[in-house]
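What follows is each chain in one-letter form.
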Amino acid sequence: MESISSEVRLKVAQCFRTLSSSSADHTDVFDALETLNSYLDDGAESSSCTAAEREEFRRTHYSRTLRVLVGQLQADWTHSLSAAQRSQLWDPLFLKGPPDQALLVLLEAVTQLRPSAGLDRLVSVTERFLQGGRLADLLWSFCLGSVPSDSAQLRETLLARLAALPDLTANRLHPNNRPLFTPQRFYPLLASEMLAALERTCRALRDGVDCSLTFVAQTLGKVCLQGHSGPVLAVMAPRLAVCTRSDMVWQRVSWKLLQDVPERCMESVLTGLLQAADSPDAFSRIAGNLVLTNKKAEFVLTHKVLLLQYKYETRVLRTVLGYLASDRDRRPLLIQVLRSVSQAWANPSAVKHTPQEQQLYVSKALLLAASLLTDAELQELRSDLLQCLLGGMQSHLDSSAVGIRTLGLVVGECLSARMDLSGTKLKFEYDQNEETRELLSLMTPSVCPDPDPDPDPEVAAGSEATRESSQVKSASRRSKSDPDSDLDSDDDLPPYDMSGDVEASRAAPPRYLRDCLEALISSDDSLRVELSLNAAESLVRRNVFAAKEISVQMTKVLLHMEDRFSVSGFLVLRQAAMVALTAVDSVPVTQYLTTEFYSLNYSLRQRLDILEVLALAAQELSKPAADKVTAAASGLTPYQSNSAAGWRQEVEKRIQNKTKRISKGSGQPRAGAAPNRYAPVAGYFFFPLLRNYDKPEVTFDLLGSDHLVLGRLIHTLGLFMHLAVNAPIAAQMGAALLDFVWAVRYHADPTVRRGVLFAVCSVFLSMPSQALMMDLSQQLLETRTWLADVAEADPDADCRNLAVQSLVLLDQNLKKQLQNPNGLSLEP
Amino acid sequence: MVLICVWPAPDWSMSRPTPCPVYTLRGAGAPLNTLHFSCSRGDTPLLFSGSAKGAVHVWNLNSRRAERVLEGHGGNSVIWVSTLQTGDTLISQGRDMRVCLWDLTEGRSEALDSVWTGSVGFCQCSVLEMSPSSYLLAFAGLQTEETKIIEMPSKNPVCTLTPDTKLGMVMCLQLWKPDSGLGPLLFAGYEDGSLLLWDVTQRSELSRVKAHPEPVMCLTFDPGRLRGVSGSCEKQLSSWMLDDQNHIQLQDYVTLVNPGVSQLRIRGDGRLLASAGWDHRVRVFGWKKLRPLAVLQYHTDMVLSVAFSDHQDPRQRLLAAGSKDQRVSLWSIYNQSANTC
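Chains as they are written, first to last, in the numbering used here: chain A, 302 to 1129; chain B, 18 to 358.
Hints listed in this document are in silico derivations from the structure and should not be mistaken for laboratory results.
A portion of the hints provided could be inaccurate.
[Stated by the list, open to error] Computed list of chain A residues with no C-beta within reach of chain B, every gap over 10 Å:
{"hint": "1", "residue": "Lys397"}
{"hint": "2", "residue": "Ser447"}
{"hint": "3", "residue": "Asn595"}
{"hint": "4", "residue": "Gln680"}
{"hint": "5", "residue": "Thr725"}
{"hint": "6", "residue": "Asp798"}
{"hint": "7", "residue": "Leu874"}
[As the list claims (entries may be wrong)] Label-pair ranges, simulated between beta-carbon atoms:
{"hint": "8", "chain 1": "A", "residue 1": "Tyr813", "chain 2": "B", "residue 2": "Lys252", "range": "32 to 38 Å"}
{"hint": "9", "chain 1": "B", "residue 1": "Thr317", "chain 2": "A", "residue 2": "Val845", "range": "32 to 38 Å"}
{"hint": "10", "chain 1": "B", "residue 1": "Gln333", "chain 2": "A", "residue 2": "Lys961", "range": "44 to 50 Å"}
The C-beta atom is built at its ideal place from N, Cα and C for all residues, glycine as well.
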C-alpha cells in the first residue's frame, strides 16, 4: 500500500515538474499529460496503471493536478496545444475525474481569473461539464457515499457554489455569459439532473444497494431557499407525480427526499411544491405523510399557508386541504385546521383589522375544508361550526365594507347548507359577482383535472379538429339561413319618431307647487302621490318664488316621506326634489337639514339622506349655471331676430367681409364667467354639521356604534371643503375640518379612516397654501408621520392610496410655500 | 353672436316627426266598431263603417261624405262589415244575432237576406269566397264554444266545430284556403287564450297553442308567408307561424307600451301590420320583423278597428282607423319606397 502511494506521488510530482518547467520542446509535456490522463481512464485495459493507483490518484492528487493545470494556463505549452490535442489531453482531465473536485476547481478558477483566453477555455470546459451530465454524476456520487473526501465544510462549499452558479458566472463574465449559465436554463437543467440521480437511486435500491438522498435534498432545499423553487419544481413535480403513480420505490424515494430537506429550507420547498403540483393527489403522492413526521412541514401546511399568508391562488388551497383530507392518518389534521380556520374567520378583531383579501382567502379555506368533511365528522364539529357561524356572521355583518358583509352572507349560506341544520337553510340576497360565484363554487367538490399522465397529443389534436369542423358546419348552416333573413328585413321602412309613445297616464299631474305639497302630505291616492312626486322637482325649479315660500315645509315633508305605494324610483325622485329645494333656497333649507341631522328620532337612512342631499346640492351650486343662461337665451332670441338682431347680424357680416386679419385668435369662445353660487353659502352647509358631533343622543351615537354615518359625514364635509376651493371662507373651513378629523384619525372602521383621508386630501387641495402652513405649522411633522404610517401599514388599500395622495399634496404645498419669498411667515 | 336655427335640420334617418291624418270622417254619431274599404272596383272609392247604433255608413272617399246610411239591425250595434269581390254585395253582422246581406248595385240599398247566428258575443264573422257564385261564412254559434260554417248564398250548413275541452267563448275567426289544395282551414281564438287551427272539410282540430294568458281579442293571418299574429288585452302581441305539418309554432312576442288591442290588420302587400290600441293609438309595424315603425296619435278614445285600403295604385293606399270617439281617421304612410309623409 505504502509503495503504491509513494510511487504515484513520485510520478505525479515528476509530471508537475515537467508541466511547470517551460522548456522549448513540448513533447515531454504531452507525455506528462498522457500519464495523468491514464490515471483517469477507467476500464481501459491498455493503461499502464492499476486500479489501486488510480484510486490513490483520485483521492489525493486530482485536485492538485487541476490546480496546476489552471496555474499553467498562461504557459507556452498550453497555447501551443492544437484543438485535437486539447480535447484529447487537456479537457478530459476535468471531465473524467471526480466531479465534485472538478466543479470546485473550475468555479474557483472562473471567479479568480481575469478575462483572457484561459478564462474562455475554462468556461467552455465548465459548459461541457454541465452539458455532459456531470452534475448527475456529482449528485449520484454523494448518493452512493463514494466521495473520497466528504466533510461538512466541503459539502457546504459545494452546495453554495452549485446553487449560485448562475450568479457566479454572471458576475464574472458579465457581457459574455453563456446561455447555459442563465437561471432560466441552469435551474431546469439542475432539476433534471436531480431527477436523473433519483432515477439511479431507484435502480440501485431495486438492486439492493443502500443510498443516501441527503445531498440531493440539501441541493433542492438550497436552491428553493434562494428563490428558484419555481423553475426547479416546475420540472420536478410533474415528473415525480407521474413516477409515483404506480411505483412504490419512487414513492419511497420521493418521501425520503422531502424528509431529508433541511428544516430551514422546508417551507420554501413545500410552498413551491404546492404551487407546482397540479392536484391534491399528486401532492399527496409526492409528499407522503410528511406532515405527520416533520414539525416544520406541519406548521407550514396547517398554519402558515392557510392563516398567515394569503397570496396563493385558490388552487393551492385546494391542494393543501385536499392533501390533508386524502389520507386517514391526516384527517385529524384537517379537523384541526377547520377549527383554527373557523376561529380565524369568526374572530371579530380579525374582521376589523385584517385586509379584505386575507378574509376572502380565509373564507375560501373555510368553505373548502367544510366541503371536504364527511357527514360524521361534521356532526362531531357541529357545535364548533355553529358557534363560528353565529359569531362570525355577526361580526362580518357589522362591518361597514360591502365586500366583507357579502363575504359573511355567502359563507353563512354555504356553511348552513353544508351543516343541514334540521332542514332549515339560510338564504340571503346579495349581488352575484365573480368573487361570490367563486366562493359558491368551492362548496361543490371539484372534479379533479384529468389524471392522465401524458395526454396523447394526437387524440387531443383530433378532437380539436372535429370540434373545429363541427363549428365550421354550424357556421355554414347559419350562413345558409342568413340570406333569407337579409331579404326579409324591414330596413327600407324608416321609422317615425316614436318618443310620444309613453305609458298612458290616468290622471293629470299637479300644476301648482302647493297642490303638489298637499298631495304629498295627505293624499291616500297612490296615483296622485306618484304624479306629485314625479312633478315635484320640475315644479320647484320652475317656480322659484313659490318654492321659496314653502321650501322648509316641503323639505320636512319629503324628509319624512315613506314609500307607502312603492312608487318606482321613489328614492331618486325624493332626493331630486330635496336637492332642488336646497339649491333654490339654500340658507333656510340647509339650516333646517343640518339641525335635523343631529336631532332625535331619525333613522340612519334619513340621516344619510340628509348628507346626500346636502352634498348633491352643494355640487349643483358650485357648478357654473351656464347651461341655464344659454337655455334662456335660446328661448328669447327668435322673437328678437326678426327685428333687431337681423340687421345687426347683416352689418356684422359685411364688416367681417371687408376686414383683413393677419392672424386669428382662438376660435373657441371662452367659457362665460358666472358667479359661484356656492361660495357665499358654503358656511351654511359646513359649520352646523361640525357642531354637535360629540353629543351622543339616545338614538344616535356618532362616535360610538354609528360609525357608518360618521364616515359618511366626514366624507361629505370633505366634499364641501373641496367644492369651496377659491371661496374666501375656505381657510376657516379647512382649519375647522382638520381639527375635527384629527380626533378620529385612528378610528377602527376603514370607512371612517377613508373619509378622514379624503377630507385631509380635500383640505390640502382647497385651502390656500399659506393659510394651510400657518395652521399646520404646529403639527406638520406629526401629520406627515401619521400619513406615512397609514400609507405603509393600513390594511385597507384605499386608505393607503389616499394617504399617499395626501402626502404628495402636502409636499407640493410645502414646496410652493418654501419657494414663495413671503413664506417666512411660517414662523409664528 | 349666437346663431339660432329655428327649424332643426331634418334628420330623416333617425326620427321623422310623427305623421298627421290626411283627413277625418265625422258624423257617424256613435262609436265605430268596424271598417271596410272597397276601392278596387268602380270609380268611387268607398269605405264602409259599422257603428254602435246599428248604422252602416258608406263613405265616399272622393267627396269625403257619407253617401248612404244603411240601417238594418234594429239599432243594435254593427260589429262587422265586409264586401264580396264579385257583385256589389255587402255583408253586415249585428248584435241582434243576424248577418244581413245587402245589394248595392246601381245605388240600391236594400237588404236581400239575413242569417240568424244565435251568438250573443262580439265575435266577428269571417268570409271566404270559394267560387264566383258561392262563399263560406264562419260565425260563432249559439253554444259557447261552437263555431258554425255555412255555405252561402244557399245557407247550407257545412259543419259545426266544437273543441273537446273547455276553452270559453270563440273570440275571433279567420277562414283561409291553403295553396296546397287542402280544404279550407279556420283559425279560431278562444276566451282562455288558446289558438286553434281547424280543418273545415275533415271537421278536425289540426293544432292548438296557448298564445296568450288572456282572451285572444283579435288575430290576423298572412297566407302568403304562413305567418300570423294575435292580440289580447295585455301588453303583448304574439306572432306565430304554420309549419309543414300545419302545426302552429309560436315565434316571438312584441311588447306594446300600453295594454289592449282591438284589431290587427296586415296590408295587402304584406309589408305593414297595424294594430288598433285601447290606448287611443294606432301602431304600425314592419310585418317581416315586427319592427315598430310608427305610433299614430289622433283619437281621444279607444281605437276599435283599423283597415288598409285596397287601392289599385299603391300610392293612394290609405290606412283607416275607427274609434270610440265617433271618428274615422285616414292616414297615408309608407306608400312609396322613398316615402315622405
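Task: Indices of hints not satisfied (ascending) - done: Of the numbered hints given earlier, those the structure breaks are 6, 10, listed in rising order.
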